[in-house]
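In this note's numbering, the protein residues as written are 43 to 180.
Rather than coming from a laboratory, the hints here were simulated on the basis of the structure. Please note that a few of the clues may not be correct.
To be verified - With beta-carbon atoms standing in for the labels, derived distance ranges:
#: 1; residue 1: GLY72; residue 2: ARG126; range: 30 to 38 Å
#: 2; residue 1: GLY137; residue 2: ALA60; range: 14 to 22 Å
#: 3; residue 1: PRO107; residue 2: GLN149; range: 37 to 45 Å
#: 4; residue 1: PRO179; residue 2: VAL92; range: 17 to 25 Å
#: 5; residue 1: ALA53; residue 2: GLU119; range: 33 to 41 Å
#: 6; residue 1: ASP76; residue 2: PRO179; range: 38 to 46 Å
#: 7; residue 1: PRO110; residue 2: ASP51; range: 23 to 31 Å
#: 8; residue 1: ALA111; residue 2: ALA145; range: 17 to 25 Å
#: 9; residue 1: ARG102; residue 2: ARG148; range: 31 to 39 Å
Ideal Cβ placement from N, Cα and C applies to all residues, glycine included.
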Amino acid sequence: MSDFPTRPDAALLALRPAIAGQPAAIPTPGTVADFQHQVLRPVLKLQHAVLLATVADFARDYRLPLAPAEATRLLTELLARNARLRATIAGLAVGLLTTPELAFFRQHRAELTRRLLDLAGQRVLSSLPELLTQLPPA
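The task is simple: from the sequences and hints, build the whole structure.
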């Protein structure tokens, strides 16, 4: 019996955007790398606006002076060192996993969490101009 009998797996999968250049998803990714590309990347793409808003809220809460010249360094440090932010980002993605994906994630939690946070960090830093518009001027 599943740990999560009422998860709306079909609806969760239907929400995910397609990513150009990515092969068709297989029902159950077999490796951590497959899981990263076929599950984590689409989930983070779906959660892009929420991810940026969350990071902006944390930056505002910690009163980071995100002048464009120092924004990359300060955000990199925030994403690397703030355990609450890291856990929040992981939760944004893990909450959108299907039952089999969640089971796979739980088996490989340490490696997949590291990969998830790396992908999220890259996404935040590559969207820096968009993120800075959500913050008051430094």
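Problem - Verdict for PRO179, VAL92 (Cβ pair) under range 17 to 25 Å - result: holds, 23 Å
Practice task
Starting from the hint 38 to 46 Å, judge whether the C-beta atoms of ASP76 and PRO179 obey it.
Solution key: holds, 43 Å
Practice task
Kindly confirm whether 33 to 41 Å is satisfied by the beta carbon distance between ALA53 and GLU119.
Solution key: For GLU119 against ALA53, whose Cβ atoms are near 37 Å apart, the range 33 to 41 Å holds.
Practice task
Take the C-beta atom of PRO107 and the C-beta atom of GLN149, compute their distance, and say whether it sits inside 37 to 45 Å.
Solution key: Distance hint for PRO107, GLN149 holds at roughly 41 Å.
Practice task
Evaluate the given range 30 to 38 Å for the C-beta pair formed by GLY72 and ARG126.
Solution key: At roughly 33 Å between Cβ atoms, ARG126 and GLY72 fall inside 30 to 38 Å, so the hint holds.
Practice task
Given the range 17 to 25 Å, decide if the beta-carbon distance of ALA111 to ALA145 lies inside it.
Solution key: violated, 45 Å
Problem - Status of the given 14 to 22 Å range, CB of ALA60 versus CB of GLY137 - result: holds, 21 Å
Exercise for the section: For the range 23 to 31 Å, tell me whether the beta carbons of PRO110 and ASP51 fit it or not. Expected result: violated, 42 Å
Handout entry: C-beta pair ARG102, ARG148: status relative to the range 31 to 39 Å that was hinted
Key = Since ARG102 and ARG148 have Cβ atoms about 33 Å apart, the given range 31 to 39 Å holds.
The structure is inconsistent with the numbered hints 7 and 8, although it conforms to all the rest.
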